[in-house]
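Protein chains: 4
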Amino acid sequence: MISKDELEQFFRDEFPQSSFEIVSLEDRATTIRKPISHDHLRPGGTVSGPVLMEMADAALYVAILGSIGLVALAVTTNLNINFLRKPRADRDIIADCRLIKLGKTLAIGEVFLYSDGDDQPVAHATGTYAIPPAGR
Amino acid sequence: MISKDELEQFFRDEFPQSSFEIVSLEDRATTIRKPISHDHLRPGGTVSGPVLMEMADAALYVAILGSIGLVALAVTTNLNINFLRKPRADRDIIADCRLIKLGKTLAIGEVFLYSDGDDQPVAHATGTYAIPPAGR
Amino acid sequence: MISKDELEQFFRDEFPQSSFEIVSLEDRATTIRKPISHDHLRPGGTVSGPVLMEMADAALYVAILGSIGLVALAVTTNLNINFLRKPRADRDIIADCRLIKLGKTLAIGEVFLYSDGDDQPVAHATGTYAIPPAGR
Amino acid sequence: MISKDELEQFFRDEFPQSSFEIVSLEDRATTIRKPISHDHLRPGGTVSGPVLMEMADAALYVAILGSIGLVALAVTTNLNINFLRKPRADRDIIADCRLIKLGKTLAIGEVFLYSDGDDQPVAHATGTYAIPPAGR
Numbered sequence: 001m002i003s004k005d006e007l008e009q010f011f012r013d014e015f016p017q018s019s020f021e022i023v024s025l026e027d028r029a030t031t032i033r034k035p036i037s038h039d040h041l042r043p044g045g046t047v048s049g050p051v052l053m054e055m056a057d058a059a060l061y062v063a064i065l066g067s068i069g070l071v072a073l074a075v076t077t078n079l080n081i082n083f084l085r086k087p088r089a090d091r092d093i094i095a096d097c098r099l100i101k102l103g104k105t106l107a108i109g110e111v112f113l114y115s116d117g118d119d120q121p122v123a124h125a126t127g128t129y130a131i132p133p134a135g136r
Numbered sequence: 001m002i003s004k005d006e007l008e009q010f011f012r013d014e015f016p017q018s019s020f021e022i023v024s025l026e027d028r029a030t031t032i033r034k035p036i037s038h039d040h041l042r043p044g045g046t047v048s049g050p051v052l053m054e055m056a057d058a059a060l061y062v063a064i065l066g067s068i069g070l071v072a073l074a075v076t077t078n079l080n081i082n083f084l085r086k087p088r089a090d091r092d093i094i095a096d097c098r099l100i101k102l103g104k105t106l107a108i109g110e111v112f113l114y115s116d117g118d119d120q121p122v123a124h125a126t127g128t129y130a131i132p133p134a135g136r
Numbered sequence: 001m002i003s004k005d006e007l008e009q010f011f012r013d014e015f016p017q018s019s020f021e022i023v024s025l026e027d028r029a030t031t032i033r034k035p036i037s038h039d040h041l042r043p044g045g046t047v048s049g050p051v052l053m054e055m056a057d058a059a060l061y062v063a064i065l066g067s068i069g070l071v072a073l074a075v076t077t078n079l080n081i082n083f084l085r086k087p088r089a090d091r092d093i094i095a096d097c098r099l100i101k102l103g104k105t106l107a108i109g110e111v112f113l114y115s116d117g118d119d120q121p122v123a124h125a126t127g128t129y130a131i132p133p134a135g136r
Numbered sequence: 001m002i003s004k005d006e007l008e009q010f011f012r013d014e015f016p017q018s019s020f021e022i023v024s025l026e027d028r029a030t031t032i033r034k035p036i037s038h039d040h041l042r043p044g045g046t047v048s049g050p051v052l053m054e055m056a057d058a059a060l061y062v063a064i065l066g067s068i069g070l071v072a073l074a075v076t077t078n079l080n081i082n083f084l085r086k087p088r089a090d091r092d093i094i095a096d097c098r099l100i101k102l103g104k105t106l107a108i109g110e111v112f113l114y115s116d117g118d119d120q121p122v123a124h125a126t127g128t129y130a131i132p133p134a135g136r
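Protein chains in written order, with the UniProt record's numbering: chain L, 1 to 136; chain D, 1 to 136; chain W, 1 to 136; chain B, 1 to 136.
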């Protein structure tokens, strides 16, 4: 299994505009954190939906790469997200991801998203990544 | 029905970080366009999934506000997106949205996303917005 | 392309419990129809959600088999459905399906479901089928 | 909170064609079980997708009614399901549901579906129910 440091280096190299921290990385699971700034807010003082979608997608990608190695060309094929509660404008967003299938060609996982410090999720997503043949 | 200009002004005031143009606005339908820059790309020279998700969400919001007026607090409750083809790195992204239900409390629509000039969509999304009581 | 008769025979042989009629079959598109009986209803005198989900799934399968031939082992990997309006208890359900991607390993389509004679859809679904290698 | 017996009686009265057993019922969670017969199978000797969708929808409904009381007119507005593994033809299907939001007008939950005795899920669903005003 790849280390948290190697994976963070990969994201800095390949996705320099990404801005999350890998809090923990286990087999088929990860937790990532993103600091929220004014650019991420929308009217009503809450974190915008696209920021949550981006975090869900990133958490799935980290969990998959952490399990199968640095397959840069794995691509999202489906993402479904339910927005549950208004995120807090003054807290980091935490994404907890767990893969529920890691097959030869498809990986599927779920992600709970939280405002840091709250135990009720602000959103829940499921997503599918297609894994290219060379990736296995 | 609200005009395209009023709606663009609303987005400039309320979502200054948004960066799309409203190409057309009809009852329950809209087309929006976003110029793609280096920040929106990911490895493999393609537009990142979150940029497409953001465009799908924005197109739904524009179509809803265009139909019911400036309800800033309408919020996304569900978004489901299928990624179909690799978007071109050197083309704008176009989002064509059509509402399929505009009820008292929920609006549901679908969005086809394209690389400008191509007739095969790069992604397809469906989304639900909850409309607050004051919004009607 | 396979004919409507061949496809109906296939469903009678392989899915004897299925009970829909193929109204039309084109390249990457189909319309199917299911008569509604008391068994398909739920409290409130409406067609149950699972009947609509089954119709959406069947329409996708018909459209895919109609386009690539009788690949019995193509399997659904994802289905997302939005329920829009209460279907009428006394009308057939019509499902209009159009494929939006027909790739080597994945086919993705959308389905609008109607109570026969109404022009407003009762539900909208998108679904993905995985196509086994032998199927191409 | 309503009892398991009251809820089973409600389903026998209102949904006589339903055929599942409520294994457990807690606040915002339930497990239900459905015996699989030949009618539920599809080519390849596996349980059909619509049977799994029906179980997911039913488990959500049971969890919601178990938490808020017998609101017969609560209706599904969205269901998203990922099919993960081939279910076994000779085993009951078990659906484990947990609500992740129980609001005034919307309830959202997730469901893991299993072939009885296996610890890897065969499918995972998320669903939304709209709760009518009289239901609260």
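Hints are not guaranteed to be accurate.
Since the list gives no way to pick one copy over another, a pair counts as held whenever it fits inside one copy or between any two copies.
[To be verified] Capping the alpha-carbon separation at 25 Å, the derived lysine-lysine pairs in BS3-like fashion look like this:
1. 104 with 4
2. 86 with 4
3. 86 with 101
4. 104 with 86
The hints are simulated quantities; they were obtained by calculation from the structure and are not laboratory data.
Hints, verified against the model:
| no. | hint | verdict |
| --- | --- | --- |
| 1 | 104 with 4 | within (23 Å within a copy, 34 Å between copies) |
| 2 | 86 with 4 | neither (30 Å within a copy, 29 Å between copies) |
| 3 | 86 with 101 | between (29 Å within a copy, 12 Å between copies) |
| 4 | 104 with 86 | between (37 Å within a copy, 15 Å between copies) |
Of the numbered hints stated above, the single one contradicted by the structure is hint 2.
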